[in-house]
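Turn these sequences into a full structure, and let the hints guide you.
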Amino acid sequence: MAFIVAVAIWLLALALLLPAWFGPWGFPEAITPLARQIDSRMTLTFVLSGAIFLLSQFALGYAVLRFGRKRKEAATYIEGSARWEMLWTAGGAAIFIGLSLASYSAWAEARFDAERHSAGDADRLIVEVVGQQFVWNIRYTGPDGDFGPTDPKLIDDSMGNALGVDRTHPMGEDDLIVPRLALPVGREVEIVLKSKDVLHNFFVPELRIKLDAVPGLEGRLRFTPDKKGTYEIACSELCGLGHYRMRAFMEVMEPAAFETWLSEQAQYVQ
Amino acid sequence: MPEAITYTEVERHAEPKSFVGRWIFSTDHKVIGIQYLLLAIVAAFVGMALSMLMRIRLVWPDRPYAFLETLFPTGAPDGVMTPEFYLALLTMHGTIMVFMVLTTAPQGGFGNYFLPIQIGAADMAFPRLNMLAFWLTFLSFMTLMAAFFVTGGAPGSGWTAYPPLSALREATSAGNGQDLWIASIAIFCLASVLSAINFIVTTLEMRTQGMTLMRMPLTVWGWFTTAVIGLLAFGVLLAGGILLLMDRNLDTSFFIPAGLVVSDRLIDRAGGSPILWQHLFWFFGHPEVYIAILPGMGIISHVLATFSRKPVFGYRAMIYAMGAIAGLGFVVWGHHMFVSGMSPYSAMTFSILTMAIGVPSAIKTFNWIGTMWGGRLRLDSPMLYAIGFVSIFVAGGITGLFLGQPALDMYFHDTYFVVAHFHLIMGVAAVMAMFAGLVYWFPKMFGRMMNEPLNKLHFWLTMFGVYGVFGPMHFLGTLGHPRRYAEISGVDYLAERGSAELHYFITIASMILVTAQLLFLVNFLWSLFAGKKPQSDNPWESTSLEWTLPSPPPHDNFAGRIPVVRRGPYDYSVPGSAKDFLMQHEPDGAGAAE
Chain A
71 MAFIVAVAIW LLALALLLPA WFGPWGFPEA ITPLARQIDS RMTLTFVLSG AIFLLSQFAL
131 GYAVLRFGRK RKEAATYIEG SARWEMLWTA GGAAIFIGLS LASYSAWAEA RFDAERHSAG
191 DADRLIVEVV GQQFVWNIRY TGPDGDFGPT DPKLIDDSMG NALGVDRTHP MGEDDLIVPR
251 LALPVGREVE IVLKSKDVLH NFFVPELRIK LDAVPGLEGR LRFTPDKKGT YEIACSELCG
311 LGHYRMRAFM EVMEPAAFET WLSEQAQYVQ
Chain B
55 MPEAITYTEV ERHAEPKSFV GRWIFSTDHK VIGIQYLLLA IVAAFVGMAL SMLMRIRLVW
115 PDRPYAFLET LFPTGAPDGV MTPEFYLALL TMHGTIMVFM VLTTAPQGGF GNYFLPIQIG
175 AADMAFPRLN MLAFWLTFLS FMTLMAAFFV TGGAPGSGWT AYPPLSALRE ATSAGNGQDL
235 WIASIAIFCL ASVLSAINFI VTTLEMRTQG MTLMRMPLTV WGWFTTAVIG LLAFGVLLAG
295 GILLLMDRNL DTSFFIPAGL VVSDRLIDRA GGSPILWQHL FWFFGHPEVY IAILPGMGII
355 SHVLATFSRK PVFGYRAMIY AMGAIAGLGF VVWGHHMFVS GMSPYSAMTF SILTMAIGVP
415 SAIKTFNWIG TMWGGRLRLD SPMLYAIGFV SIFVAGGITG LFLGQPALDM YFHDTYFVVA
475 HFHLIMGVAA VMAMFAGLVY WFPKMFGRMM NEPLNKLHFW LTMFGVYGVF GPMHFLGTLG
535 HPRRYAEISG VDYLAERGSA ELHYFITIAS MILVTAQLLF LVNFLWSLFA GKKPQSDNPW
595 ESTSLEWTLP SPPPHDNFAG RIPVVRRGPY DYSVPGSAKD FLMQHEPDGA GAAE
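Protein sequences, first through last, are from chains A and B.
Residues in the first sequence are numbered consecutively from 71, following this note's numbering.
Residues in the second sequence are numbered consecutively from 55, following this note's numbering.
None of these hints come from the bench; they were simulated from the model.
Backbone N, C-alpha and C define an ideal beta-carbon position, used for all residues, glycine too.
One or more of the hints may lead you astray.
Stated by the list, open to error - Computed list of lysine-lysine pairs in DSS-like fashion (alpha-carbon distance at most 25 Å, straight line):
#, chain 1, residue 1, chain 2, residue 2
1, A, K140, B, K633
2, B, K633, A, K142
3, B, K510, A, K140
Stated by the list, open to error - On the chain B side, residues computed to face chain A include the following (Cβ under 7 Å):
#, residue
4, G129
5, G133
6, S394
7, A461
8, E541
Written out as structure tokens, the structure is:
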């Protein structure tokens, strides 16, 4: 029995760990420097936690195997060991808190700068992403570079004004509202995240970042996509019966193609 | 000549005569404990049935089932489950499992039955309060079940009930399911606070002579610590629930900001914050994880020592670790909210505290292995469940190292990775501890043994079933599969990466797992009436006070003679002793004399 228990514990541990590394279910391609930075911290965490996991499961199985068979000698009377307690307290604290510190810069990069609204870089593309049950609305500033004011009373889906943009305002007349997030490759993007009704969540797996769209708040995410392609935005906060199908596409394209796309959309809207 | 066992004489309690007084509105902590256990067993099977429906809908979304149409005419018209119904299933599954199973059985069930006996008391400090707490819990369960059958059906906002979805009738189905849900939770909070006060006072005031705090079994420490957490946590959820109920019914705006437009209608509310609810909810919700698992940790320590024939490795360290978990548990709630939109600057604090709470968990794990090390293991089924617990606890806990780092949590938050993590660490680990406790104490509670071969079969099916169900969910998470999706075809990137195959595998594994639990139920019921009688009042040769009593113990436990406690709870294999265990009331030399 002891042998079976030990082997079962080891097999189950390996069955969980090995596919995580060798299986076909790894992360999707990373398309920003930030995503690759996060991936490297993932690997670090995986290696350390995997080692602790295997060590614990191996020790557990080994204890069963060694002390679970018929033994002649009595059990040893040990009440504990301060030295061992110190070892796993200090070791655990060092590894766990060390990991937390190691990935902090990635978090700061994803969230802090965007939160500060720092103006400096004029080249940054600012796009508004607004969730509603169960679609994403994407707003571009238009040629003037400014978003127009909005008023919920002006919302009119049939007129293509899902966000209630004041079209009479000079800053609002050229605002562009589309269902697709197009981005130029290699340029820094700032997403301004909002919601019209309930909580939603902006998640593109290839970006490795995620943030709730909270009604009444503006969330900000900043990243620089450097791989062209079409990706999906999957809503990742329960928002009601259509949650599972609330998605939009994010397309990263050549800068020239992006400009063409923008002007085409503007004509279409007019 | 060795000293004799000594007793404190106390007044006896008269046994109630009527059937109702004895079995229904009983003030006997043992009867109340069994009532909690039965409630938890019923709730567990309801919750499990709901999870089966979820698994079925995910892999066979269009297949009709006639019985579903009969049971839920609106949720499953023509027998096909709607997406709304899927959300109702997951909401009710989570709520039932977290509140009615994981919070009731380990604490209200085993704690009620064995805490007074293990500390040498005739009953809880407040027996009537105890009875009230159980019946409020029962009322809470009935209220929750009623949500299925009101207009609009059960709520679909998840067990976390995040507003505005949960707060606005316009945003989800307009029925009263969500109101019943809130009422149920509020009643449950009240019951849990009453019960927590009772546990704390009982532990501090009712211990027999010689039962110092540092001689209490770790089970008692687990229940006591859990009660302290419950006392501080449930009140916050109660307050939050009342605010949410007011937002739904009295047009207040605690959680509803200005300018919401739902289905093209402007909502005339202003001033609230959806994030406020999340703070209130998780200030309760994270400690709740420990409410579910700490009693289990106590039971596992107790069982591992008994079946290893060795003292618990680091008894004091185990108590300090529980205290650290309880304390830190109150300051880590923000890790549920890294991507909620709250200030990103708070993440560092929550992250370091969260990672720090891994330390006492690691201490406990290694001390459990240390307890077995050098022992003389008896691999009876309680021990198997305990070993399984440690394996699953490690598997579930280790992924916390990813989720505790905000940069990595951004990817995993709200994916199946989280589902795998919390099911293993909070759900299945706690349930394994319940199995260990139930099989271990069954002879004491019912005077019969459970069927050992059936237990072993159940253990193996459960062990492989659990890894089969929750293992692959980690991989769904690495694929970026959001949770709470009613259909797995909602986004393309998942289908391309083989998520459907993983879902099939999980559904098949979950069917095996559920079958195994039916086997356990059969064994439980059969053993109640036809199980073989234990060879003695102490079949496992344990040391704690409950094993000095007849099985089942009399109404007032010790029949007026409470033993004086002479030693700590885990004196196994004491050198120089003739037998390999010394019970807590046995004086020095008792073993040698026999």
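Evaluation of the provided hints:
no. : hint               : in the structure
1   : A:K140 with B:K633 : holds (17 Å)
2   : B:K633 with A:K142 : holds (14 Å)
3   : B:K510 with A:K140 : holds (19 Å)
4   : G129               : violated (12 Å)
5   : G133               : violated (19 Å)
6   : S394               : holds (5 Å)
7   : A461               : holds (4 Å)
8   : E541               : holds (5 Å)
Going down the numbered hints, you'll see the structure goes against 4, 5, while the others check out.
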